[in-house]
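K.L.:
Generate the whole structure from the sequences, applying the supplied hints.
Protein chains in written order, with the numbering used here: chain A, 489 to 682; chain D, 40 to 174.
Be aware that a few hints might be false.
With a Cα cut of at most 25 Å, we get these calculated PhoX-like pairs of lysine-lysine [stated by the list, open to error]: (1) A:537 to A:567; (2) A:627 to D:107; (3) A:638 to A:512; (4) D:91 to D:131; (5) A:638 to D:69; (6) A:627 to A:521; (7) A:513 to A:662; (8) A:638 to D:118; (9) A:662 to D:108; (10) D:60 to A:595; (11) D:56 to D:131; (12) A:595 to D:151; (13) D:60 to D:159; (14) D:108 to A:627; (15) D:108 to D:60; (16) A:662 to A:537; (17) A:567 to A:577; (18) D:107 to A:662; (19) A:615 to A:577; (20) A:539 to A:567; (21) A:513 to A:577; (22) A:575 to A:512; (23) A:537 to A:679; (24) A:638 to D:108; (25) A:615 to A:537; (26) D:108 to D:131; (27) A:577 to A:512.
Quick list of the computed label-pair ranges, beta carbon to beta carbon [what the hints assert, rightly or not]: (28) D:78 to A:634: 24 to 30 Å; (29) D:61 to A:638: 29 to 35 Å; (30) D:110 to A:575: 27 to 33 Å; (31) A:673 to D:95: 39 to 45 Å; (32) A:641 to D:90: 22 to 28 Å; (33) D:109 to A:618: 15 to 21 Å.
Hints were generated in silico from the structure; no laboratory data involved. C-beta: ideal position from N, C-alpha, C; glycine also.
One-letter residues, chain by chain:
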Amino acid sequence: MKDLIVLLILLIIFSGCGNNFDLKKNVTGRQVKLINQDSVEVDYPSIIKDKVAVIGFIYTNCPDICPMTTHNMQLAEEKLDKDELNKVKFLLITFDPDRDTPSILTKFAAVREMDMDNWELVTGSNKNINTILDQFNVKAIHDDTTYNDKGLPNYFIIHTDRISLVDESGNLRKNYHGSTASPDELAEDIKSLL
Amino acid sequence: MKYFILLILFLFQSDGKITVKDPWMRPAPKSFNTAFYCTVINNGSKADTLYKAASNISDDVQIHETYKKGDLLGMRPVKDLIVAPQDSLVFKPGGYHIMLMNLNQEAVLNQKKMISLFFKTAGEVKVQASIGSSQ
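P.N.:
Rendered as C-alpha cells:
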C-alpha cells in the first residue's frame, strides 16, 4: 500500500513535466485578409494552418525593442533542424500597417537575412490588423506625431512586447516578452509542440 | 548661495576625458530608423553632459530611452545625460540609445558608420560604429 501511494505521488509529479504551457486559447476563430511581404493577399489563419506558429508583433520604425523581438525569433529558428523547420511558421505581424507596406517589410526581412522559406511578414488594413491584435490581446497605441526640420511626420508606438506560440491546432499556448525572450526556451517549447 | 552653486558646478565639470567603448548599431535599409549603442566612460575627475548626437547618415539623430508604461513599452527622447566622474553611461538594447531616423543610406552588416557625440565640456567625440547583429 505504501509503495502504491509513493507511485501515485510520483505519477502526479511527473504528469506535469514536459508541459510548459499554461495557455490553450483558440486564436483562429476570426478569418481576416492580410497582405504579405510579396504583396500577395493571404488569409489568416490559413497562413499558420497545420504549423506550429511563432508570431512576433512589431513595427519596422522601432529601432530598439522590435529588432530584439525579431532577433530572438531568429535565434530560436537557428536551434531547429530542417525537419523541424518544415513544421514551423515564423510570422511577423506589423501593428503599424499605414507605414509598413509590403516593400518595407521586404527590406526589413532582407537586411536581417531572413530565410523566407520559414518566415512571412504581414500587413493589412487597420481593421484587419486590429482584429488579430485583439485575438492575441496585443496593444499598440500611437504616440503624438512630431515633425522634423523638413516637415516629415514621425510617431512612435507604445506597444505590447510579445512573441506568441501557437500549436498546430490553432491554440495559443504561450506568450513571451518578445525583446527579452530566451531563444533556448522558445526553441524547446516549439520542439515540444511538434 | 548663487556663487556656492556655481562653485559646485565648476568643481564637478568634466575635464574632457571621455572615451567610448564597444560602439555598434543595428543594420537598417535606407529611409529606416536604427539605433546606436555604446558605453561612454568618463575618465576625468569631473562630470560631463551628453547633450546631442549627430551623424552624416541621418539628419535626425536623437538621444532616446525605452520606457515601460504598465505592460507596454515605448520610446521617448531624453535631454541631457550626465556622466559622473570615473563612471560610465551605458547605451544598450532596451535602455538608452541614440536613435538615427530616416537613414539617408543603407546600414549593412559589418560596415562602419560615423557618429558624433557632443559633450558640454569634452566637446565633439567622433565614434566609428560597426554595424552589428540585430540584437
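K.L.:
Below or equal to 25 Å on CA atoms is what counts here, so check residue 615 of chain A against residue 537 of chain A.
P.N.:
22 Å, holds
K.L.:
Quick one, are residue 56 of chain D and residue 131 of chain D close enough, alpha carbons at most 25 Å?
P.N.:
Distance of about 22 Å is within 25 Å: holds.
K.L.:
For residue 513 of chain A and residue 577 of chain A, compute the direct alpha-carbon distance and say whether it is at most 25 Å.
P.N.:
18 Å, holds
K.L.:
Starting from residue 60 of chain D, check that the Cα of residue 595 of chain A is at most 25 Å away, please.
P.N.:
Judged against 25 Å, a Cα distance of about 30 Å means the pair is violated.
K.L.:
Compare the distance between the alpha carbons of residue 539 of chain A and residue 567 of chain A with 25 Å, and conclude whether the hinted pair is satisfied.
P.N.:
Distance of about 17 Å is within 25 Å: holds.
K.L.:
Confirm or reject the claim that residue 673 of chain A and residue 95 of chain D have a C-beta distance inside 39 to 45 Å.
P.N.:
For residue 673 of chain A and residue 95 of chain D the Cβ distance comes to about 41 Å; the hint holds.
K.L.:
Hint says 15 to 21 Å; check whether the CB-CB distance for residue 109 of chain D and residue 618 of chain A agrees.
P.N.:
19 Å, holds
K.L.:
Would the hint linking residue 638 of chain A and residue 69 of chain D be met if the CA-CA limit is 25 Å?
P.N.:
17 Å, holds
K.L.:
Regarding the pair residue 595 of chain A and residue 151 of chain D, is the alpha-carbon distance no greater than 25 Å?
P.N.:
Holds. Residue 595 of chain A to residue 151 of chain D sits at ~20 Å (cutoff 25 Å).
K.L.:
Taking the beta carbons of residue 641 of chain A and residue 90 of chain D, is their distance inside 22 to 28 Å?
P.N.:
25 Å, holds
K.L.:
Are the Cα atoms of residue 577 of chain A and residue 512 of chain A separated by 25 Å or less?
P.N.:
19 Å, holds
K.L.:
Falls inside 29 to 35 Å, the C-beta gap from residue 61 of chain D to residue 638 of chain A?
P.N.:
For residue 638 of chain A against residue 61 of chain D, whose Cβ atoms are near 32 Å apart, the range 29 to 35 Å holds.
Violated hints for the displayed structure, listed by number in ascending order: 3, 10, 15, 24.
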